[in-house]
Each structure stands twice: as C-alpha cells, then as structure tokens.
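If you read the sequence shown in the UniProt record's numbering, its first letter stands for residue 1, the second for the next number, and so on.
Only true hints are included.
Quick list of simulated restraints, FRET-style, between CB atoms:
1. Thr6 x Lys29: 33 to 43 Å
2. Cys65 x Phe44: 14 to 24 Å
3. Val61 x Asn30: 26 to 36 Å
Hints listed in this document are in silico derivations from the structure and should not be mistaken for laboratory results.
Cβ atoms here follow ideal geometry from the backbone N, Cα and C, with glycine treated the same way.
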Amino acid sequence: TPGKPTENAFIESLNGKMRNECLNENWFKNIEEARRLVEDWRNFYNSERPHSSLGGRTPEVYLTCSA
Numbered sequence: 001t002p003g004k005p006t007e008n009a010f011i012e013s014l015n016g017k018m019r020n021e022c023l024n025e026n027w028f029k030n031i032e033e034a035r036r037l038v039e040d041w042r043n044f045y046n047s048e049r050p051h052s053s054l055g056g057r058t059p060e061v062y063l064t065c066s067a
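Start from the sequences, fold in the hints, and give me the full structure.
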C-alpha cells in the first residue's frame, strides 16, 4: 500500500529537487529528449552538484571517500 510522503523524506526531497531543477526548467519536444535531459540532470546531481547533507560534497566524492 502507498505510504505518506512524510514517511519517505529522502525520496520526497529528491523528487522535489528533480521537479524544480529539471522538469520545471525544460520544455520537452518528445520522450527521447525528456529521457536525455533527465539522465543529464541525474548525472549532474550525482557528480557535480554539492549536497549539504554530505558536507558540501557530491555523492560521487562522498562514495569514494567512504569506500
């Protein structure tokens, strides 16, 4: 059964960031363009965008440091 958004705060935060930083910022001409732009945003989010919850590091850097 579906839960409440408050039960999954990390995913809701990611969904909000994706909506605000990617989906609301682009007009997609077709599904292929949407897929490409969402994938570009995902790569940016994981490899270039600093995250305050990770001490200002990117997820890639955080993963490398904690491995």
